[in-house]
Amino acid sequence: MLKRLRLYVLIALAAMILLVAVFGPLLAPDDPFRIDLRNTVRPPGSGHWLGTDTLGRDLFSRLLYGARNSFALTLAMVLIVTIVGAAIGLAAGYIGGFADALAMQAADILLAFPTMVFAIAVAGIMGPSIYHTIIALGAVSWAKYARLTSGLVKDIRRSNYLIQARFGGARLPRIVIKYILPNALPHIVIMTTLDIGEMMITISTLSFLGLVTPPPAPEWGNMIAASRNGMLLYPHMLIYTSMVLIITVVVFNLLGDSLRDFLDPKLSHAHAPRKRSRRNTAKGTGTT
Amino acid sequence: MKRFLITRLAQLFIVFLGVSFFTYALTIAVPYSAVGRGGEGTSFLLNYLTWLRRIFVGSDQVIMGYRRSAFVGFGQFIPSTVKHACISLLVVVFFSLLLGVLTAVKKDSPFDYVVRFFSFIGTAVPNFVLGVYLILFFSLRLKLLPIISGDDPRGMVLPVIALSTPLISRYVRQVRGAVLEELNQDYVTGAAARGIGMPRIIRLHILPNAMASILSSLGVIIGQLLSGIAIIEMMFVWRGIGSLTVQSIRVRDYTVIQAYVIWMAIFYIVARFIIDVLIYFFDPQLHRKGAA
Chain A
1 MLKRLRLYVL IALAAMILLV AVFGPLLAPD DPFRIDLRNT VRPPGSGHWL GTDTLGRDLF
61 SRLLYGARNS FALTLAMVLI VTIVGAAIGL AAGYIGGFAD ALAMQAADIL LAFPTMVFAI
121 AVAGIMGPSI YHTIIALGAV SWAKYARLTS GLVKDIRRSN YLIQARFGGA RLPRIVIKYI
181 LPNALPHIVI MTTLDIGEMM ITISTLSFLG LVTPPPAPEW GNMIAASRNG MLLYPHMLIY
241 TSMVLIITVV VFNLLGDSLR DFLDPKLSHA HAPRKRSRRN TAKGTGTT
Chain B
289 MKRFLITRLA QLFIVFLGVS FFTYALTIAV PYSAVGRGGE GTSFLLNYLT WLRRIFVGSD
349 QVIMGYRRSA FVGFGQFIPS TVKHACISLL VVVFFSLLLG VLTAVKKDSP FDYVVRFFSF
409 IGTAVPNFVL GVYLILFFSL RLKLLPIISG DDPRGMVLPV IALSTPLISR YVRQVRGAVL
469 EELNQDYVTG AAARGIGMPR IIRLHILPNA MASILSSLGV IIGQLLSGIA IIEMMFVWRG
529 IGSLTVQSIR VRDYTVIQAY VIWMAIFYIV ARFIIDVLIY FFDPQLHRKG AA
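The listed protein sequences derive, respectively, from chains A and B.
Just so we're aligned, residue 1 is where the first sequence starts under the numbering used here, counting upward by one.
Just so we're aligned, residue 289 is where the second sequence starts under the numbering used here, counting upward by one.
For the record, the hints were derived by calculation from the structure and aren't laboratory data.
Just to be clear, a hint being listed does not mean it is correct.
If you anchor each label on the Cβ, the simulated ranges turn out as follows [stated by the list, open to error]:
1) B/Arg538 with A/Val22: 30 to 40 Å
2) A/Phe98 with B/Arg527: 40 to 50 Å
3) A/Ala217 with B/Arg527: 28 to 38 Å
4) B/Asp474 with A/Asp261: 20 to 30 Å
5) A/Met243 with B/Thr477: 38 to 48 Å
6) A/Ala12 with B/Lys394: 31 to 41 Å
7) B/Phe405 with A/Asp264: 48 to 58 Å
8) B/Phe405 with A/Arg228: 23 to 33 Å
9) B/Arg538 with A/Ser159: 48 to 58 Å
10) A/Asp261 with B/Thr477: 25 to 35 Å
11) B/Val539 with A/Met16: 36 to 46 Å
12) B/Pro487 with A/Val22: 48 to 58 Å
13) B/Leu293 with A/Ile95: 26 to 36 Å
A short, non-exhaustive set of chain A residues, derived as facing chain B with CB atoms under 10 Å [what the hints assert, rightly or not]:
14) Phe113
15) Gly127
16) Phe208
17) Leu211
In this text the structure is predicted, and so the values were computed from the model without any measurement.
Idealized CB from N, CA, C, for every residue including glycine.
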């Protein structure tokens, strides 16, 4: 019961954050692009809820618009990676054999590949842009989902109900839709939710380097970069932006965690064999 | 055993080819002169091979004042990065193993909760944010540690902390999970019942068995380490290839960026290979499969 409650609370929090991001423009008290050089770096108060930045733009509005950009990019990224990765994993797991071995080896190597290096290269050579970031990150991040899905597919295929379904003459689309997907989906969704936080961090790191959106566009990462110069004199820029970023990531990480805790006991571990220690084979452990 | 190594090497070589080809292919978007391709008619493959040769062997192109191959001229910044990376890696591995084993053994103790709490925060804070705050507190406010320094070891402290903290946070969880899984095994209860002390059990049974999954996770952590180095180098003005590359992006020095990717790919491949060899040694099942 407690798990359920925790999950609901976190879903509510996450939904609130998302709503703020979506309706940002309506909630923003000021134009985030409006430069006001007479009021630069004011602390909070007098019409600006969180103060102004180095060009006199309202920080609160910029954070809201930045939330929009960050979320749009993060969610798009996570969805693309999940769908592409899961599709590849599904195909590989179902076909099996050489295709699967090949795909899994490729995924294995790509899994640990430094994503940032690639994104820096793409953005550096082809120019900073949202699309380039999506391509770069997507090209490397699909591996995790492919591996997961392939394993799941192979696991599910061994289960009794699937064998019986095939016996009963079920064709491929039906098998996939009715049997494989519903059983694989919870695991995939958990991984996706946990990934949101990480993807947000990656994207904000890239925009910190200025590789995602060009200057006037507000994005939390490049706002943090811009706030570095005046850290000592006007810390409010840094503090508010970084707090917003951290809190958002924390909420989504907690959401992923509690989703996993909630769904996990329900996920049957029936066909996972009880793991025997690799060194503890039938011969038994040697005396120590 | 040899067969395994050769297969692995071949795979990693293919990865290297893939990465280098992709990096080269990116320059399609760029005007000819900047990248030094052949005339309009030359085939793509030929250009690729020429480029590869140029990167490794050298050319007449003057790159940042060094009349050598981008690969080599760039090379004088590498030791700095490698030093930084190795130290961070050692710190990460040491603390993660230590904390991971301790929290697994003392599961659900206050210590466990505290470590898990901090590890959770650690995964949520991006390394550059941590770096900025570290600079703010320790260098600017308290004036304890320098931001920029040459060989002064105190100059290493902040960048290493900034880089390794999120990684330790992630890795501690993996280590803890792996060790917990072993702890739940029957043989542990059996050994404890026979009166064997916990440290010994950990050292001789649990760790070797958990090694396979610990090492696999290490591969991912190393990837993230290599990713994060560029930003940390830039922030702490460390003369390594990461900060060099970030600067090169601004001036559109493509060759440097490409060399950076190639070098990073090489580091990654070498690290990956070492880890795979280690996994092989620790997992007897692979031994058997290989011998078959």
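Tested hints:
1. Range check, B/Arg538 to A/Val22: about 34 Å between beta-carbon atoms, so the 30 to 40 Å window is met.
2. The beta-carbon spacing between A/Phe98 and B/Arg527, approximately 47 Å, falls within the hinted interval of 40 to 50 Å.
3. Under the hint 28 to 38 Å, the C-beta atoms of A/Ala217 and B/Arg527, about 31 Å apart, fit the expected range.
4. Distance hint check: the CB atoms of B/Asp474 and A/Asp261 are about 26 Å apart, consistent with the given range 20 to 30 Å.
5. Judged by the Cβ atoms, the range 38 to 48 Å given for A/Met243 and B/Thr477 holds: they are separated by roughly 46 Å.
6. Range check, A/Ala12 to B/Lys394: Cβ separation about 34 Å, and the 31 to 41 Å hint holds.
7. Here the CB-CB span from B/Phe405 to A/Asp264 is close to 21 Å, at odds with the stated 48 to 58 Å.
8. At about 28 Å, the CB distance of B/Phe405 to A/Arg228 agrees with the hint of 23 to 33 Å.
9. Distance hint check: the CB atoms of B/Arg538 and A/Ser159 are about 55 Å apart, consistent with the given range 48 to 58 Å.
10. At roughly 26 Å, the beta carbons of A/Asp261 and B/Thr477 sit within the given window of 25 to 35 Å.
11. At roughly 43 Å, the beta carbons of B/Val539 and A/Met16 sit within the given window of 36 to 46 Å.
12. Under the hint 48 to 58 Å, the C-beta atoms of B/Pro487 and A/Val22, about 54 Å apart, fit the expected range.
13. Checking the proposed 26 to 36 Å range against B/Leu293 and A/Ile95 shows it holds: the Cβ atoms sit about 29 Å from each other.
14. The criterion of a C-beta within 10 Å of any C-beta in chain B is met by A/Phe113, whose closest approach is roughly 6 Å, and the hint holds.
15. For A/Gly127, the interface hint holds, the least distance from its beta-carbon to any beta-carbon of chain B being 7 Å, beneath 10 Å.
16. For A/Phe208, the suggested interface contact is upheld, since its CB lies about 5 Å from the closest CB of chain B, less than 10 Å.
17. For A/Leu211, the shortest C-beta to C-beta distance to chain B is roughly 7 Å, which falls under 10 Å, so the interface hint holds.
Checked against the numbered hints above, the structure violates only hint 7.
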